[in-house]
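Here the protein sequences come in this chain order: A and B. Heads up, the first sequence is in the numbering used here, so the first residue is 2 and it goes up one at a time. Heads up, the second sequence is in the numbering used here, so the first residue is 2 and it goes up one at a time.
Errors might be hidden in some of the hints.
You can't tell identical chains apart in this list, so a pair holds if it fits in one copy or across any two.
What the hints assert, rightly or not - The list that follows gives simulated cross-link-like pairs (lysine-lysine, DSBU-like), each with its CA atoms no further than 30 angstroms apart: (1) K30 with K59; (2) K189 with K137; (3) K80 with K197; (4) K121 with K9; (5) K39 with K121; (6) K176 with K141; (7) K59 with K121; (8) K189 with K141; (9) K9 with K176; (10) K137 with K121; (11) K137 with K30; (12) K197 with K59; (13) K60 with K121; (14) K80 with K39; (15) K176 with K39; (16) K30 with K121; (17) K176 with K80; (18) K39 with K197; (19) K39 with K141; (20) K30 with K197; (21) K60 with K189.
In short, the hints are calculated from the structure, not lab data. Fair warning: this is a prediction, and the values are worked out from it, not measured in the lab.
Protein chains: 2
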Amino acid sequence: MSHIKRPKTKRGRQTFQALLHAAEHQFYKLGYHGATIKDITTEANVGLGTFYIYFHDKKSCYQYLLLSYSHLIRSQIAKRIENVENRQEAERLGLLEFLEIVRDNQSIYHIIWESLYIDKELFVDYYSSFAENYAKNISKNQNETGYRDYDPEVMAYVLMGISNFIGLRYTLFSKSDDLEEVVDEVLKILENGIFK
Amino acid sequence: MSHIKRPKTKRGRQTFQALLHAAEHQFYKLGYHGATIKDITTEANVGLGTFYIYFHDKKSCYQYLLLSYSHLIRSQIAKRIENVENRQEAERLGLLEFLEIVRDNQSIYHIIWESLYIDKELFVDYYSSFAENYAKNISKNQNETGYRDYDPEVMAYVLMGISNFIGLRYTLFSKSDDLEEVVDEVLKILENGIFK
């Protein structure tokens with residue numbers, strides 16, 4: 002992210018956050034191509050030039066947003082599972098945290114998947130880097146009390162696919178009242194498989 | 002699909018197919034909003050008016066394309082698994098067929114997921130109707146030799162999520178030489194779960 006200049010003062014950080022928040026909202030509302038830098042600065046209540054203090058262009062602002070989602074999801078999950086006793090509990094709480102995040106931030110899917118249309122490499126990078134981390138963690142826990150010894154990368158994509166599609170159904174298509182119940186049902190599948 | 006008029010003659014069917022094929026290519030290349038009806042008819046080598054013989058507008062052509070993907074995927078999988086002996090084999094061959102289809106039709110993900118940006122209802126309908134069918138089939142096979150008795154809808158989204166994300170990784174991000182090997186690895190997870 003060489004096209005980003007991070008703020009150094011408290012006031013700068015507030016402006017930076019206001020710009021990001023406005024960008025998120027405008028990209029969601031008008032789409033990446035439809036939203037202009039002017040739309041973003043108007044919503045953030047700053048002059049057009051202020052945008053360029055922090056971002057080289059619209060794309061670098063969008064990239065920063067993608068990166069911040071990735072950090073948000075990873076750090077929130079890490080925090081939620083830091084004291085778990087086993088991998089079952091880690092997967093259960095990790096999935097629940099993910100679902101709560103996408104339920105409470107309805108623009109996340111929209112903005113992440115739009116990368117496929119803006120620059121396919123951004124989309125590939127987003128999921129590849131997420132999967133790489135996940136696979137590393139799986140690999141580290143393929144021991145007596147952890148995961149089975151299947152290909153960690155396949156496992157990572159299987160688990161990401163499950164989270165994303167369960168998230169689509171129960172947080173985007175319609176909101177489930179009881180995400181815990183959905184997560185428990187998924188965990189049964191992860192524990193026992195799908196066949197009798 | 003009341004905004005579609007299907008062709009009745011052999012020649013009409015050829016023209017209709019040429020238009021669909023051109024639409025698929027133009028939507029992939031220029032995006033739905035970027036591609037014009039003129040681009041489509043030019044590629045299909047027919048006059049602009051010919052488009053309107055079959056389609057009410059660009060959106061109805063796009064919707065027909067979505068529907069045709071859904072039919073293609075379902076009918077190819079149904080054909081591939083019609084003589085299987087158990088559900089393990091049905092899931093194995095069904096996943097393999099799906100991966101081969103998306104590998105050989107690189108525009109499928111691109112065009113289906115763009116529906117989220119064109120009209121969210123199209124995206125929701127696409128996956129909801131796919132899931133409904135899948136869940137019905139799971140439900141029917143929740144017997145002694147079939148699937149476990151977990152919520153069929155949760156199971157459908159779990160399996161669709163797995164297919165889609167494994168498809169992203171091994172057919173879109175980079176093409177795997179050996180899809181059978183990937184599928185075998187996924188089947189181990191579906192048979193035994195992920196935990197030791």
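Which of the stated hints cannot be reconciled with the structure, identified by number in ascending sequence? Numbers 4, 9, 11, 12, 14, 15, 18, 19, 20, 21 - these are the hints that the structure violates, sorted from lowest upward.
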